[in-house]
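Peer 1: Sequence:
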Amino acid sequence: RVGVGTGDRLTLTDRLDGPAVPVVVIGLYRPVDTGSPYWRLDDLAGRGVEQGGFTTYGPLLAPPGVLSGGRVSAGSSGWLVRADYASLTTGRTRALGE
Numbered sequence: 398r399v400g401v402g403t404g405d406r407l408t409l410t411d412r413l414d415g416p417a418v419p420v421v422v423i424g425l426y427r428p429v430d431t432g433s434p435y436w437r438l439d440d441l442a443g444r445g446v447e448q449g450g451f452t453t454y455g456p457l458l459a460p461p462g463v464l465s466g467g468r469v470s471a472g473s474s475g476w477l478v479r480a481d482y483a484s485l486t487t488g489r490t491r492a493l494g495e
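My numbering puts the first residue of the sequence shown at 398, with every later residue one more than the last.
Bear in mind the hints are in silico, worked out from the structure with no lab data behind them. Yeah, the Cβ is synthetic: ideal placement off N, Cα and C, and Gly gets one too. Accuracy of the hints is not assured; some may be wrong.
[Unchecked claim] DEER-style ranges, computed between Cβ atoms:
hint	residue 1	residue 2	range
1	Gly400	Pro428	13 to 23 Å
2	Tyr435	Tyr482	17 to 27 Å
3	Gly400	Leu438	19 to 29 Å
4	Leu485	Gly450	18 to 28 Å
5	Gly462	Ala483	34 to 44 Å
Given only the sequences and the hints, what does the whole structure look like? Please build it.
Peer 2: Structure follows, in structure tokens:
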């Protein structure tokens, strides 16, 4: 646990090469089901990781403009997609080769 609450002001330091960035916490969340496929995208598994003098926490959510604005490094991002195979039948396999 980081020990912050809604309304707290923090300064986040980028361990790569970006500048320190002041932020305001506007909300907190807790996963309902940590076994849900979505949470497989969390490289930190919901806990802080200490490395090279920094403790990294995440995931943190921010508006898209924060990552594209050049003030912070984007780190990694990912997509989770679930395919709908309901209409896939053996009669349609020829279409896969086209």
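Peer 1: Next step is simple, just say for each hint if it's right about the structure.
Peer 2: Hint by hint, here is what the structure shows:
1. Gly400 x Pro428: 13 to 23 Å: 18 Å, holds
2. Tyr435 x Tyr482: 17 to 27 Å: 20 Å, holds
3. Gly400 x Leu438: 19 to 29 Å: Hint holds: Cβ distance 24 Å, inside 19 to 29 Å.
4. Leu485 x Gly450: 18 to 28 Å: Violated, at about 51 Å.
5. Gly462 x Ala483: 34 to 44 Å: 37 Å, holds
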